[in-house]
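**Q** Okay, here's what each chain looks like letter by letter:
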Amino acid sequence: MPIDENDLIAAAAGGDQGAFRSLVELHQARVHRLLSRFTRDPGELEDLAQEVFVKVYRKLDTFQRDSAFYTWLYRIAVNTATDYLGRQHRRRLHLVESDADLDAVRSHEKSEGAAGPLLDEEVRRVTREVLETLPEKYRTILILREYEDLSYTDMAAVLQCSIGTVESRLFRARQRFKEALERLHPELVPQYSVPRVRGGSPR
Amino acid sequence: MSRIDQHDRIAAARFVDGEMQPEERAAFAARVESDPALAEAVAEVEACRALFRRARTEQPVPLRAGFADRVVQRARDEERVRSAELERRIVRMARICVAAAAAVILAAVLFVTGVIRMPDAGVLQADATAEMIRELDERIQAAEAPPRTLGR
Chain U
1062 MPIDENDLIA AAAGGDQGAF RSLVELHQAR VHRLLSRFTR DPGELEDLAQ
1112 EVFVKVYRKL DTFQRDSAFY TWLYRIAVNT ATDYLGRQHR RRLHLVESDA
1162 DLDAVRSHEK SEGAAGPLLD EEVRRVTREV LETLPEKYRT ILILREYEDL
1212 SYTDMAAVLQ CSIGTVESRL FRARQRFKEA LERLHPELVP QYSVPRVRGG
1262 SPR
Chain S
98 MSRIDQHDRI AAARFVDGEM QPEERAAFAA RVESDPALAE AVAEVEACRA
148 LFRRARTEQP VPLRAGFADR VVQRARDEER VRSAELERRI VRMARICVAA
198 AAAVILAAVL FVTGVIRMPD AGVLQADATA EMIRELDERI QAAEAPPRTL
248 GR
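Quick mapping for you: the protein sequence lines, in order, are chains U and S.
Just remember that the working numbering sits 1061 ahead of the position in the first sequence, which is counted from 1.
Just remember that the working numbering sits 97 ahead of the position in the second sequence, which is counted from 1.
Because the hints were derived from the structure by calculation, they are not lab data.
Keep in mind it's a predicted model, so treat the numbers as computed, not measured.
Where is the CB? At the ideal position from N, CA and C, for every residue including glycine.
One or more of the hints may lead you astray.
To be verified - According to the in silico footprint, chain S covers these stretches of chain U (three or more CB under 8 Å from chain S):
no.	stretch
1	1066-1075
2	1103-1114
3	1120-1127
4	1135-1146
5	1208-1222
As the list claims (entries may be wrong) - Using C-beta positions, here's what the derived DEER-type ranges look like:
no.	chain 1	residue 1	chain 2	residue 2	range
6	U	1066	S	184	32 to 42 Å
7	S	190	U	1066	33 to 43 Å
8	S	184	U	1180	26 to 36 Å
9	U	1214	S	183	37 to 47 Å
10	S	199	U	1077	39 to 49 Å
In isolation and in its complexed conformation, chain U is listed as follows:
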């Protein structure tokens, strides 16, 4: 029998820890995935994810039922992650791939002539690195849009701003991302601009 999320929320808000546990199980993968865009350190990730759900537990009675639970949950997760980044004093995010790993990837690429999956590995590393250099508000909106695929309406709900603000912030975030990419990794810019190079016709 499928579990009704609203029933779980109501029960958990009333102090039912079993219901809260089910609610955590229902959303843990999603929250975990979102937070892993902010840090790749497994220990920090676990701690952050726990912090998010403990906040949820404490604040469940303030949840307004007229909005979607996951946008409310995302809001808490994003705020927790950005607070955490602030606490870390904007230290560099942990990367799974070290510079040594990247060197290995590059040398392997040269020797084997393999471009597909290895290049994707580099794209992941560079994208993460460039994102890291952006101001927090731009990084967050790009994570929500490009990694989490949230609609403008959902982003507005998560970030507690208007859709107009989402539009202009996302526009600026993409601009800043492109500028940073050109500055830090010009070798990736041709890939970034493929449609333009081919004549600028959108597909």
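Got chain U; can you put chain S on it based on the hints?
**A** Frame of chain U, contents of chain S only:
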């Protein structure tokens, strides 16, 4: 090639992100067909999205088993700590209230038994009036005094 403004660039993003209603989308697509600058703006957003699509194939950091149990335990622990803190605050507040009540009762007892007395209201008022008169006198004298000259 026409120049496009920020409004058009934002529209290009909405177009690529699928945030336009069908009619608006059709009209914008027609504009893109005829405007190379707009087509370039659309291509730029598409390129950005394509890059992130490749980047997001990243494998998630594995979640350790028993996560929900650990969360429930932590929530329970934090709740216990909060309850204990609340209890401590209530006890502290109760102590303060008891001490304040004891002070009031003591003052009342001392007053009733005549150990301490309230000053006479008339005397207080007379003292205040005398003080005001003294201040006024001082101001008048200061105003009547010849101005001080500097130097020789």
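**Q** For each hint, tell me whether it holds in the structure or not.
**A** Verification of the supplied hints:
no.	hint	in the structure
1	1066-1075	violated (count 0)
2	1103-1114	holds (count 6)
3	1120-1127	violated (count 0)
4	1135-1146	violated (count 0)
5	1208-1222	holds (count 3)
6	U:1066 <-> S:184: 32 to 42 Å	holds (34 Å)
7	S:190 <-> U:1066: 33 to 43 Å	holds (40 Å)
8	S:184 <-> U:1180: 26 to 36 Å	violated (60 Å)
9	U:1214 <-> S:183: 37 to 47 Å	holds (39 Å)
10	S:199 <-> U:1077: 39 to 49 Å	holds (44 Å)
Hints 1, 3, 4, 8, counting from the list given before, are not met by this structure.
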